[in-house]
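Colleague: Here's the letter readout for the chains.
2 protein chains.
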Amino acid sequence: MVFWKKLFSNSDTVATSETTEYSRELFNSDAQDFAQPQIIFSTERDINLYELEELCDRVGWARRPLRKVKKAINHSFLVVSMWEVQGKKRRLIGFARATSDHAFNATIWDVVVDPNFQGRGLGKAMMKYTISQLRSEDISNITLFADPQVVKFYQRLGFILDPEGIKGMFWYPD
Amino acid sequence: MVFWKKLFSNSDTVATSETTEYSRELFNSDAQDFAQPQIIFSTERDINLYELEELCDRVGWARRPLRKVKKAINHSFLVVSMWEVQGKKRRLIGFARATSDHAFNATIWDVVVDPNFQGRGLGKAMMKYTISQLRSEDISNITLFADPQVVKFYQRLGFILDPEGIKGMFWYPD
Chain A
5 MVFWKKLFSN SDTVATSETT EYSRELFNSD AQDFAQPQII FSTERDINLY
55 ELEELCDRVG WARRPLRKVK KAINHSFLVV SMWEVQGKKR RLIGFARATS
105 DHAFNATIWD VVVDPNFQGR GLGKAMMKYT ISQLRSEDIS NITLFADPQV
155 VKFYQRLGFI LDPEGIKGMF WYPD
Chain B
5 MVFWKKLFSN SDTVATSETT EYSRELFNSD AQDFAQPQII FSTERDINLY
55 ELEELCDRVG WARRPLRKVK KAINHSFLVV SMWEVQGKKR RLIGFARATS
105 DHAFNATIWD VVVDPNFQGR GLGKAMMKYT ISQLRSEDIS NITLFADPQV
155 VKFYQRLGFI LDPEGIKGMF WYPD
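Just so you know, the sequences run in chain order A and B.
Each residue of the first sequence is one higher than the one before, counting from 5 in the working numbering.
Each residue of the second sequence is one higher than the one before, counting from 5 in the working numbering.
A couple of the hints might just be wrong.
The list treats identical chains as interchangeable, and a pair is accepted whether it falls inside one copy or across any two copies.
To be verified - Derived DSSO-like pairs (lysine-lysine); straight-line CA-CA distance at most 30 Å: (1) Lys93 x Lys171; (2) Lys171 x Lys75; (3) Lys72 x Lys171; (4) Lys74 x Lys93; (5) Lys92 x Lys171; (6) Lys128 x Lys171; (7) Lys156 x Lys92; (8) Lys156 x Lys93.
Note that these hints are calculated values from the structure, not bench results.
If you're wondering where the values come from, they're calculated on a predicted model, not measured in any experiment.
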């Protein structure tokens with residue numbers, strides 16, 4: 005992954021990727037200090053699908069054909085991943101993606117945080133990163149469909165439930 | 005528009021576009037009979053933006069920059085338009101579009117039907133056409149955000165409100 009290489013570069017001049025720029029803010033220590041695990045975010049979409057499947061397994065999601073997951077990632081407007089980095093090791097601990105018309109609307113899908121990393125504000129940080137990325141693309145209507153147990157989580161992030169009575173609706177094949 | 009040319013061709017062999025194929029089903033008279041207005045559907049995205057704006061004006065929508073509307077149409081997965089055709093005249097009377105990851109999910113936006121053509125089942129027909137197009141692309145999770153007054157309309161089409169407590173949520177900039 006490109007961001008990986010950049011992360012371990014000593015040069016500030018390579019900090020052109022969104023990942024590096026954002027990870028700088030999140031680093032609470034010098035980038036050369038490999039003793040402490042760090043959390044970084046990335047918009048690179050070159051995700052290892054098996055690693056992603058493993059993450060989704062950990063939260064108990066039904067498995068999906070990797071071919072379709074790959075297609076969905078390729079056709080998402082935004083792909084966000086969250087990594088724990090310690091020394092030369094990295095581990096995928098969070099994921100989210102968004103579809104969009106690139107102009108008005110985006111819809112966030114597949115938000116997942118490793119259960120071992122939940123309860124530390126990392127899901128919140130990942131969603132804030134996701135929102136900031138969408139806002140930087142001038143998307144003003146960010147939507148999602150929230151399971152009942154995460155409605156409050158999204159409300160704390162500023163998401164509004166059924167604004168003006170607008171209702172989320174689903175159509176499934178018979 | 006391509007479909008336009010095809011519509012007025014006498015040859016059956018040109019019926020390769022989705023528009024022509026679908027319009028055949030909808031024609032209740034011979035294609036040579038120009039006396040009766042016909043309703044046709046199209047997935048062509050070469051929509052005249054001023055004609056679309058005029059349609060949206062008729063239902064009282066707030067105007068949006070045409071540059072952004074064009075971008076949104078270009079980046080939608082599916083663009084559906086509904087036309088009244090009489091002789092050589094055609095008139096845009098309905099519109100809808102959908103964003104998608106091309107694999108699992110689609111979200112339908114900007115559903116509009118000319119008020120003069122409402123109450124005849126045309127909105128229903130346009131939505132059925134939209135669903136059939138998404139289904140033909142193997143999209144199984146079709147979503148939308150419905151204003152309170154159209155929730156029942158979508159329910160009659162098979163859309164489910166908040167299935168398993170899943171809630172539609174919106175984030176807007178401050």
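Colleague: Measure nothing new, just compare the shortest in-copy and cross-copy C-alpha distances for Lys156 and Lys92 to 30 Å and report within, between, both or neither.
Modeller: neither (36 Å within a copy, 55 Å between copies)
Colleague: When no copy is specified for Lys74 and Lys93, does a C-alpha distance of 30 Å or less occur within a copy, between copies, both, or neither?
Modeller: within (24 Å within a copy, 44 Å between copies)
Colleague: When Cα atoms must be at most 30 Å apart, do Lys72 and Lys171 count as within-copy, between-copy, both, or neither?
Modeller: both (28 Å within a copy, 25 Å between copies)
Colleague: For the identical chains here, do Lys156 and Lys93 meet the 30 Å Cα criterion within one copy, between copies, both, or neither?
Modeller: Close neither inside one copy (34 Å) nor across copies (53 Å); limit 30 Å.
Colleague: Using 30 Å as the alpha-carbon threshold, which applies to Lys128 and Lys171: within, between, both, or neither?
Modeller: both (24 Å within a copy, 18 Å between copies)
Colleague: At 30 Å max between alpha carbons, let me know whether Lys171 reaches Lys75 within a copy, between copies, both or neither.
Modeller: both (28 Å within a copy, 26 Å between copies)
Colleague: Could you figure out if Lys92 and Lys171 sit no more than 30 Å apart (CA to CA) within one copy, between two copies, both or neither?
Modeller: Answer is neither; intra-copy 46 Å and inter-copy 40 Å both fail.
Colleague: My question is about Lys93 and Lys171: at a cut-off of 30 Å on alpha-carbon distance, are they close within one copy, between copies, both, or neither?
Modeller: neither (43 Å within a copy, 37 Å between copies)
In terms of the numbered hints stated before, the structure departs from hints 1, 5, 7, 8, listed from lowest to highest.
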